[in-house]
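2 protein chains.
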Amino acid sequence: MIFICDKTKLQDAIAIAQKAITGKSTMPILEGLYIEANKNTLTLIGSDKDVSIETKLEADVLKEGKIVVDAKIFGEIIRKLPNSEVKIETLENNSIQISCEKSVFNLVHMNSEEFPGLPQINENIIFGIPQNLLRNMIKGTSFAVAQDETRPILQGILFEVENSKLNLVALDGYRLALKSELIDTNNTINAVIPGKTLNEVAKILEDNECVVSITFTTNHILFNLGNTKVISRLLEGEFIKYNALLPQDYKLLVTVDKQAIQNGIERASLMAKDGNSNLIKFDINDDAIVITSNSQLGKVREEVSANMQGEGMQIAFNSKYLLDVLKNMEDGEVEMELTSSISPCIIKNKNAENSKYLVLPVRLVK
Amino acid sequence: MIFICDKTKLQDAIAIAQKAITGKSTMPILEGLYIEANKNTLTLIGSDKDVSIETKLEADVLKEGKIVVDAKIFGEIIRKLPNSEVKIETLENNSIQISCEKSVFNLVHMNSEEFPGLPQINENIIFGIPQNLLRNMIKGTSFAVAQDETRPILQGILFEVENSKLNLVALDGYRLALKSELIDTNNTINAVIPGKTLNEVAKILEDNECVVSITFTTNHILFNLGNTKVISRLLEGEFIKYNALLPQDYKLLVTVDKQAIQNGIERASLMAKDGNSNLIKFDINDDAIVITSNSQLGKVREEVSANMQGEGMQIAFNSKYLLDVLKNMEDGEVEMELTSSISPCIIKNKNAENSKYLVLPVRLVK
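Here the protein sequences come in this chain order: Z and P.
Note that UniProt numbering gives residue 2 to position 2 of the first sequence, counting from 1, and the numbers run on in steps of one.
Note that UniProt numbering gives residue 335 to position 335 of the second sequence, counting from 1, and the numbers run on in steps of one.
One or more of the hints may lead you astray.
What the hints assert, rightly or not - Example chain P residues on the side facing chain Z (calculated, C-beta under 8 Å, incomplete):
(1) Lys56
(2) Ile77
(3) Glu160
(4) Val161
(5) Arg267
(6) Leu270
(7) Gly298
(8) Asn307
(9) Glu311
(10) Ser343
(11) Lys350
(12) Glu353
Hints are computed from structural coordinates only; laboratory data are not their basis.
A virtual CB, placed ideally from N, CA and C, is assigned to each residue, including glycine.
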């Protein structure tokens, strides 16, 4: 194998493929980056047991071939090279030579035959969605993915397609996040994708409206971004029927400026850190939310102006769960739908229908 | 005690005084921030056993007094408040109330009588030096301070004043850093200040030419920045006679572009990490430095153009020590003075006399 390519383009491609390489595998070959030079195109693949990422770039291929190199050291070498043309060629005794200006590296390589390669997927696109939109949907739900391993299905995000709508849903025992967007498809899909994989996908998705095409198979999802494909396995099992968790009605609607309530909760939570309870109390009355908290360190009282429709109410929360939600919402006014001090609270943007969050209150011992 | 002051100014002052509060003391009072309100001035003091920092700011003092509050939580509260006026007043039962717009915090305070206060120092200024110059001198030497505790005096930086010149010197068993500047004084000083303290001082020094005035006593150094004073204890004992370590002569003078040699060493060291030896070899000949290194991973060859005066030479180094030096030097050409493969190497800026670095080579087993 012999090829010449631009250092910066190669570096960018390595950074993409490397996102699949966690270094946590017990198989040494999965710490490797697969490189194939073929017809003026380089194909790089990184892989672990859950996810594979393939990306392509142009190169001047003088001799075709394929190898696997240690991704970490190879990535570091390329990153540190001058911004110039890089020549890579295989030598005898299982090594490659990397040359760039006056730098010459010799690096051992692994056997490309041992590399598992990509799962075979017949691309049958279900729908396309702008990259920035999907990125926002992932970021707006992934914080609610369960961190503990007692219910593996909750470590994933549900991709639900029905009635030309894509819903992403994540939940743990304390909160739920739902983001929705209209898409152009007549298909119906219900698949759960590991949250960790989606966080890596979100890093690759660009902040523009170029479309990412999505294919589902029985066991996999494929994101096609053009030069880059990400394939993740699906989580096995049935996701929780989340619709049954969302209250259909409420008794008190509170409208409040997002930044004002977020700042108030952040300050109140300074006093709530003691013993990690994060407990803050809301007293909602007279068109204001009074937030209080106290601990051994002292106490705090915050007042935030709000618009109320319904009877006043007292309710307590874990401040962390409210902040996770608010930090992921857009600026502007948010609505809180409340029923009682022991019922779930729904939080939405006042002027956008595409997000819905649920946070359970903390039941206070009287 | 009752006072009103600007939130941002208070926050900035807390950040300065907090740099002395390491949280590593066994005395709880030293986790506290001392606050004294007196004649429209607030005085804040943070302290640990090695260093004390006092800073002053304007305030509208309605009732004089002094307290000590937990520095960490107090700092977090002030930081999170709106950018507005803050009112702080003592209440009964050992607490203070912090009010700002619609936020009210109650926080317990400690007894100000228990606070050790500043060491009494009769300010008798020895010399003044622009803040940015002193900051660069500290940054340019502190990396060479010994990390291990076997010789406590080497955990400090020598401040040596003689012949109207200030020298800062740090060294461990492997390298030495010397920075010099002319100053206006006839005094002679030889004092060693803990490196950790100086790193904190460097963070407070601003990037401008305002003068910091320096006073020495038998046991302390005082940096007076105007509104802020930093007092550090001196390390006991005699510093190493560093001049005896610096070779007076050399056989080979190599002049090389700083960035080019630094980049070459950085790349070569990628292959030298194996086993943490960081070993790289220089072959200096024909107006070029060829840097090589190898490990189980592979090998590397870098070539850097240089100007040579003297016979060619081979010499090996720990790449980390060379990089520490080069990262702290200004861009441009650097000179390396070499005598043999087992003699110290001196590194200087070609066009500036104010820095001198010594790095010991690694002796290769033939």
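Status of the hints after comparison with the structure:
| no. | hint | verdict |
| --- | --- | --- |
| 1 | Lys56 | 26 Å, violated |
| 2 | Ile77 | 6 Å, holds |
| 3 | Glu160 | 38 Å, violated |
| 4 | Val161 | 42 Å, violated |
| 5 | Arg267 | 5 Å, holds |
| 6 | Leu270 | 5 Å, holds |
| 7 | Gly298 | 4 Å, holds |
| 8 | Asn307 | 16 Å, violated |
| 9 | Glu311 | 23 Å, violated |
| 10 | Ser343 | 27 Å, violated |
| 11 | Lys350 | 22 Å, violated |
| 12 | Glu353 | 31 Å, violated |
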